[in-house]
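J.: The primary structure of each chain is shown beneath.
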Amino acid sequence: MMNALIFLILFPLFISLLALFLPRGMPGRKVIGTVANAVLCAVPIYLLFATLDQGPSYFRLESGFITTAMLVLEVLIAAYLIYLSVRAKRYLPVVLVVVQLVTMLGFEFVHGHSIQVEYSLFMDKFSIIMALIVGIIGSAICLYGFGYMPEYHHHYPEVKDRRNFFAFLMYLFLSAMFGIIFSNNIMWLFFFWEVTTLCSFLLIGYRDDNASRDSAFRALNMNLIGGVVFAFGIVYLFLSSGTMELDKLLLQDKGTVLLPAVCFAFAGLAKSAQFPFSSWLTGAMVAPTPVSALLHSSTMVKAGVYLILRVSPVMENTVAAQMLTLIGGVSFLVTAMIAISQSNAKKVLAYSTISNLGLIVACAGVNTDAAVWSALLLIIFHAVAKSLLFLCVGIIEYKLDSRDIEDMDFLIMRLPKLTAVMMVGMAGMFLAPFGMIISKFVTLKAFINANPFMAIILAYGSAATIFFWTKWMGKIISIRHGEHEVVEHRVSNWEWTTLGILAFATIAVCLAFPFISFHVIDPYLMELFNKAPIVDTFNILVIFVIMLGLLIILPLGLFFFAFVNRNYKRVGTYLGGANISDITFEGAMDAAQPIQIKSYYLEKFFGEERLFYVGVFVSLTLIFIMFGVAAI
Amino acid sequence: MAHRNLIPFGPQHPVLPEPIHFDLVTEDEKIVDAIPSISYVHRGLESLVEKRDFIDYVHVADRICGLCSFMHSMGYCQAVEEIMGVEVPERALYLRTIWAELSRLHSHIFWLGVAADAFGFESLFMQALRLREPVLDIFEETTGGRVILGASKVGGVRRDIDADSLAGIVKRLAKLRPELEELSTVFITDYSVKHRLCGVGYISKEDAYILGCVGPMARASGLDMDMRVIGYSAYKYLDVQPMVETAGDCYARCLVRIREMLHSIDLVREAIGKIPDGPVEVKVKGFPNGEYMSRIEQPRGEVIHYAKGNGSRFLQRFRVRVPTFSNIPAMIRILKGSEIADVPNIILTLDPCISCTER
Amino acid sequence: MNTIQEMFQSWGMVERAVAFILLAPLAGGLIAGIDRRVSARFQGRYGPPVLQPFYDVFKLMQKQRILVNKFQNFNILLFLLFTVFSGALFFMGVDLLLTIFSLALAGTFFVLAGFCVGSPFSHLGAEREIIQQVAYEPMVILLAVGMYQVTGSFKVAEIAQFQAPLILYLPGVFAGFLYILTIKFRKSPFDLSMSHHAHQEIVRGMTTEFSGPALAVIEIAHWYENVMLLGMVYLFFGFNPWLGLGVALLTYLFEIFIDMNYARFKWQLTFGSSWLFTAVAGVSNIIVLGLMR
Amino acid sequence: MAWFKRSPWILHYNATSCNGCDIEVIVSLTPLYDVERFGIINTGNPKHADILAVTGSVNEKSRQVLINLYEQMPEPKVIMAVGLCAVSGCVFQDCYNVMGGVDKVLPVDVYVPGCAARPESIIDGMLKACEILEEKYANRNKREKGEEHE
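Residue numbers (our numbering), protein chains in the order written: chain A, 1 to 632; chain B, 1 to 359; chain C, 1 to 293; chain D, 1 to 150.
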């Protein structure tokens, strides 16, 4: 079992090195990649079934050598970051890196010899869920990259072709993610944590132009702030309680480890782009699509909430936990409202990600069995649907030369299959029978019991969520007869395969959620709370009925309306009687004007500049209170 | 921001009783641009003077517009009478004034109703149109139709109204007045009506002047312009007060019309009190030779009837400059920057009469 | 009445659902007919026959099918299906939240129908409909939250049989719900997206491009929806069935009265006031309940 | 059983009317005349309408609009010419921009005379139109059945 874990951490590393050093254009490169991805999917599934009825397992590993190696690597990373920052004439990262490095090195030299770590690696149900997400979705995204990157470079000839480096970073990222979710040793966790920061920095800056450099450094700064606080938390944790293990952290006296826990949660907030750190994620959209997909769905932001969920039991029933809940709630509500005013597809997706993660953070803050149950489901459902959506938008961007939602008129006529896939993704994000709504449903119940105020935030936030998804959905499924060329055949098979896998997964996780809930989540909750929420079986039944009903009705209905129903007469749209054709009307000066239809954005109500600072201000206040009460 | 809709508003549109078309360019619901397009009801009846006897043409002039039909025939008759130097009997002038004021009254009540409908207040629409019926009954009794057609003629009016009927008119209007006042209270005080009217479609006094607004549109912006004070017809004997508001928005235009409506009732009563006995028409001999511009205050504002005769049976040229036409530039100005929901209000606070405009 | 209620309670879920599916359109149509008659009386008119809505629907069914695009009626059918489905769930007495989410799904399909025809007026209607949805959705969820706080259950059946008068615990929630009911019933001042009255700036809003049988389907779906919403009103007075029924009908009359006495609001006021009213009435009620527990 | 008699919906279009008949069409909806007694609603949208009430004669520009509106109405549909202008052109017959009555462009089923047409006669015309609607529906059904038999 332990070998499987180590394999999962080292195998992507190995692949990434292969990707870096095997020459491009070498035959079999893609075959190796495909096989590697298959392996990466298979191992977590094997882990899932191998440990189906087992509790958590902890593994001893001779850590001395590894810790030293990590320390060396950390210094190298720091040096590399400093080099890059100085070259780009940005000095804040330098300061942060130095502070962090000095803290860690000092800690290591003063206390390094006295750290006793019993179990360095561990694995429980939560880790397995994360492993499944990272393994399956992460590798699917890499698969997509095979088809996407050539097109990307074809599209942007000015970008320096560093595909090998890109693939290296992607797999390195996956490796680091596996490291994070399997580490019990907090020092190790911190090391992997910093690796993801480095990878995300390099990946966001892949284009190497001004915009992407800005975004990359913003991401770096914010994650480094999180990292510095993380480092302080580690030092404080060791000094106050003498432990360096995640599982032992939960057993300590709550008062002594509260501050480190808050520090870790803070690092998690930065990584999962909650307010006030949300801007790095929205800036990250300048990166190639696979990067955005990876950051948003399976890695990076999920690492943040993973850590928060791990440490949240420490904060149970404290003011700090309430503050955490509120930060999540504010992020959820405010970003859902900001998303209404955005027309850049990637930005809408980014804000929706922050919004959903906000909900997860809020659940973590509430920290009851039902809340954690729904947080885990949210993680799963969000990862699948969001990666699907990002990949769709990535394809559309090149087919239509725009990532603006308003240019996606009549998408269903230009890219019909892709639109169908995208509809699955969007429905997965907010519509009734799909996953997200199931989790929101449970979240609501959890909130009412714990904190009615959060239920209210959820009510408002859900309403705002409906707005931006529905109008986007309406945009892409509107139909106008004639003139539109189908441009779909140019989508590569690599991309189709990925979309197919993810679309299937979106539906499958909904259908399989009772299984996931019963065999994976409930055991985890039993360990944590000694009880698991009882989900009304009738409700599940009803959701299944809707789900299956839709799965049957949709194709049948579409078939009926497309081929069977002939009893109708086609007329033009109503244009006040001024029709020239179906869609053009005789306007002023006898000009033939085609109608133009765009969505509402309601900037006055939901404008980014208006709400963003509200969110930042409120969340900063909450963070100060959180640290204040923890320090006292 | 580039998210612009292009919406065809009209020619057939439920809030427009008459066909006019706008290309509305909108962002969200905000109107960025509005380009009007007209001539859906252009008939070309000005050129009909070349085919119709100048006496017969009154019937065409009547049908320029169905709401203020009387005003048009009266303006036409005034112009021709001035050219020919006909002295119209006093009683005829009074009768014309009474009908003209009643026309204004029914037109304003109708406007109130349609405006209420435009902002979605259906019951108010129904009540307003219910109160309009008594005025139409007076029309029917005195002229024979629900729309005054053929009452005016060159040289006077076609029918007289006897003393009993005149007294009856006063009595009925006295009964109508409190009901109208009650109706007006809703317009003046109701929260939702104010929400839809206050601050909507604002036009300043300067702009109203520069863009050539007339009628209630101008008066609501503080321009004291009322053609009745120049004293055509019997207005010289009556106490005419122009109703002026200064706010310049839809609400002010609504107030102006409400006050004018009540003022019309007063004027009718005053005219009926002062009406002298005597003939109602004089014989007209010869053909018009010369030109004249007659200026009249319609419910919608100042209308100009220009007639030019060359001494033959047929007028050489006849031209009508109607109030709606002069108000259209202002309408376009205030449409920009308003909301889609305001479009019906703005269009209707002009009280547009497209059939006048396009003739 | 009590016997009717007992009979209803003695039924199984399937029977109740079937009863809803069969009876709701009759009740809904009748209510709509009474609505039109009463409205006409408010306006000083005589008004159409009470059965007029049925005549309209029958007529629409007989009209020719005209379409702008082939698929436009598909979403309408889904709208009907899910409205009926959520109504049936409600009267089966199962989870209130599930009903609400399912109703939101139905509403989404309706909006999508408005979008998919690609006509400017129905597009504007659909956009406004989403604004309305955003305006009322929080209050609908808070309704479930409030009821759960008092009764400890999301089950409609249990809420309906809760012995204490729910209205006394949830006056704010009830007021908030009344406020957004005006949106749901598509009554003035909030009939932004589609109006039963013709004179509207966006023509017939979302239904502009739907005619004949599709329009009939929309109408029937609204009947189902209205009956279900009145059912939600009933829940507040579930302790006394007679009172509940009476208040539900009174509520509808009240909405007609409001309809008659207001001009149509603009979307800003509709949206802003709904959220504000929800925040003031509903939220404060729920927070007070939360503190009391 | 056909239901058109009980619920005829009206679309009103002003082709080149002087407003006189227009107003009377609107007035027939209001308390004194209240055509909603017969289930008549003014829809303002051709796709919902059964009866197209045209006021005014036809000119070059309104001709196309009328044809567009007529095209967008679902069968069975009836055209009602309201007022003398719509019937024959009235005093505007000789105008250079007037083509004459509505029947020059569309097949008119009901003629409502009057200048301006009185609400009473408009209501009468509407009820006539209902009968023609029923007839048209019956004919269409017969035709469809006939086609099936062949």
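Worth flagging that the hints you see were computed from the coordinates, not collected in a lab.
Beta carbons: idealized from backbone N, C-alpha and C, even for Gly.
There's no promise every hint is true.
Unchecked claim - Okay, derived cross-link-like pairs now, DMTMM-like style, lysine to aspartate or glutamate, Cα gap no bigger than 20 angstroms in a straight line:
{"id": "1", "chain 1": "D", "residue 1": "128", "chain 2": "D", "residue 2": "103"}
{"id": "2", "chain 1": "B", "residue 1": "30", "chain 2": "B", "residue 2": "224"}
{"id": "3", "chain 1": "C", "residue 1": "70", "chain 2": "A", "residue 2": "409"}
{"id": "4", "chain 1": "B", "residue 1": "205", "chain 2": "B", "residue 2": "182"}
{"id": "5", "chain 1": "A", "residue 1": "569", "chain 2": "D", "residue 2": "75"}
{"id": "6", "chain 1": "A", "residue 1": "569", "chain 2": "D", "residue 2": "144"}
{"id": "7", "chain 1": "C", "residue 1": "155", "chain 2": "A", "residue 2": "536"}
{"id": "8", "chain 1": "B", "residue 1": "283", "chain 2": "B", "residue 2": "90"}
Claimed, not checked - Which residues of chain A face chain B? A few of them, derived with a C-beta cut under 10 angstroms, are:
{"id": "9", "residue": "93"}
{"id": "10", "residue": "559"}
{"id": "11", "residue": "562"}
{"id": "12", "residue": "575"}
{"id": "13", "residue": "579"}
{"id": "14", "residue": "581"}
{"id": "15", "residue": "588"}
{"id": "16", "residue": "594"}
{"id": "17", "residue": "599"}
J.: Now look at each hint and say whether the structure bears it out.
T.: Hint check results:
1. Between the alpha carbons of residue 128/D and residue 103/D the distance comes to roughly 17 angstroms, so the proposed pair stays at or under 20 angstroms and holds.
2. Taken as a hint, the residue 30/B and residue 224/B pair is broken in the structure, with Cα atoms around 32 angstroms apart against an allowance of 20 angstroms.
3. For the hint linking residue 70/C to residue 409/A, the alpha-carbon distance of about 17 angstroms falls within 20 angstroms, and the restraint holds.
4. About 30 angstroms separates the Cα atoms of residue 205/B and residue 182/B, which puts this hinted pair outside 20 angstroms; it is violated.
5. Taking the CA atoms of residue 569/A and residue 75/D, the gap is about 10 angstroms. The hint holds against a cut of 20 angstroms.
6. Between residue 569/A and residue 144/D, the direct Cα distance comes to roughly 15 angstroms. Compliance with the 20 angstroms bound is thereby established for this hinted pair.
7. Between residue 155/C and residue 536/A, the direct Cα distance comes to roughly 10 angstroms. Compliance with the 20 angstroms bound is thereby established for this hinted pair.
8. For the hint pairing residue 283/B with residue 90/B, the CA-to-CA distance comes to about 15 angstroms; that is within 20 angstroms, so the pair holds.
9. At its closest, the beta carbon of residue 93/A sits 35 angstroms from a beta carbon of chain B; the interface hint therefore is violated under the 10 angstroms criterion.
10. For residue 559/A, the shortest C-beta to C-beta distance to chain B is roughly 33 angstroms, which exceeds 10 angstroms, and the interface hint is violated.
11. Annotation: interface hint on residue 562/A violated; nearest CB of chain B at approximately 29 angstroms, more than 10 angstroms.
12. Annotation: interface hint on residue 575/A holds; nearest CB of chain B at approximately 5 angstroms, less than 10 angstroms.
13. With its C-beta approaching chain B no nearer than about 9 angstroms, residue 579/A sits inside the 10 angstroms limit, and its interface hint holds.
14. Hint status for residue 581/A relative to chain B: violated, with the closest Cβ pair at about 13 angstroms, above 10 angstroms.
15. The closest approach between the C-beta of residue 588/A and any C-beta of chain B is roughly 4 angstroms, which is under the 10 angstroms cut-off, so the hint is satisfied.
16. The criterion of a C-beta within 10 angstroms of any C-beta in chain B is met by residue 594/A, whose closest approach is roughly 8 angstroms, and the hint holds.
17. The interface hint given for residue 599/A holds, since its Cβ lies 7 angstroms from the closest Cβ of chain B, which is under the 10 angstroms cut-off.
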